[in-house]
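**Q** All chains, please: the whole structure from these sequences, using the hints.
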Amino acid sequence: MLLNPMMLGFYLLVLGSFIGFELITKVPPTLHTPLMSGSNAISGISIVGALLAMVLPPGSDLAKWLALSAVMLATINVVGGFMVTDRMLQMFNRKGK
Numbered sequence: 001m002l003l004n005p006m007m008l009g010f011y012l013l014v015l016g017s018f019i020g021f022e023l024i025t026k027v028p029p030t031l032h033t034p035l036m037s038g039s040n041a042i043s044g045i046s047i048v049g050a051l052l053a054m055v056l057p058p059g060s061d062l063a064k065w066l067a068l069s070a071v072m073l074a075t076i077n078v079v080g081g082f083m084v085t086d087r088m089l090q091m092f093n094r095k096g097k
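The opening position of the sequence shown corresponds to residue 1 in this note's numbering, with each subsequent residue numbered one higher.
Worth flagging that the hints you see were computed from the coordinates, not collected in a lab.
Derived Cβ-Cβ restraints for the label pairs, each shown as a range:
id : residue 1 : residue 2 : range
1  : L89       : V14       : 28 to 36 Å
2  : Q90       : G44       : 21 to 29 Å
3  : D61       : F10       : 20 to 28 Å
4  : L89       : L12       : 31 to 39 Å
5  : V14       : L66       : 18 to 26 Å
6  : L35       : S60       : 32 to 40 Å
Yeah, the Cβ is synthetic: ideal placement off N, Cα and C, and Gly gets one too.
**A** Following this line, the structure appears as structure tokens:
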């Protein structure tokens, strides 16, 4: 029996959520900054993919609107991630400088 693409996508989402939760909870606090910058890089790749989905000719209007919302949400994620990463890095700066 073959899975339809929607169910396969759902299974991958659930499996990825469980694996991601387990991995993130086991990361020590000293590695949170590198983890954030890696997450920002992945969101940047999502922005590129959503931009490509938005400008490629074959597609419905719904696909274009979903791609636009993906670009907006991933951009918010990247900007917020860089702001949090910057605040985390500022904790390591000396107070005298």
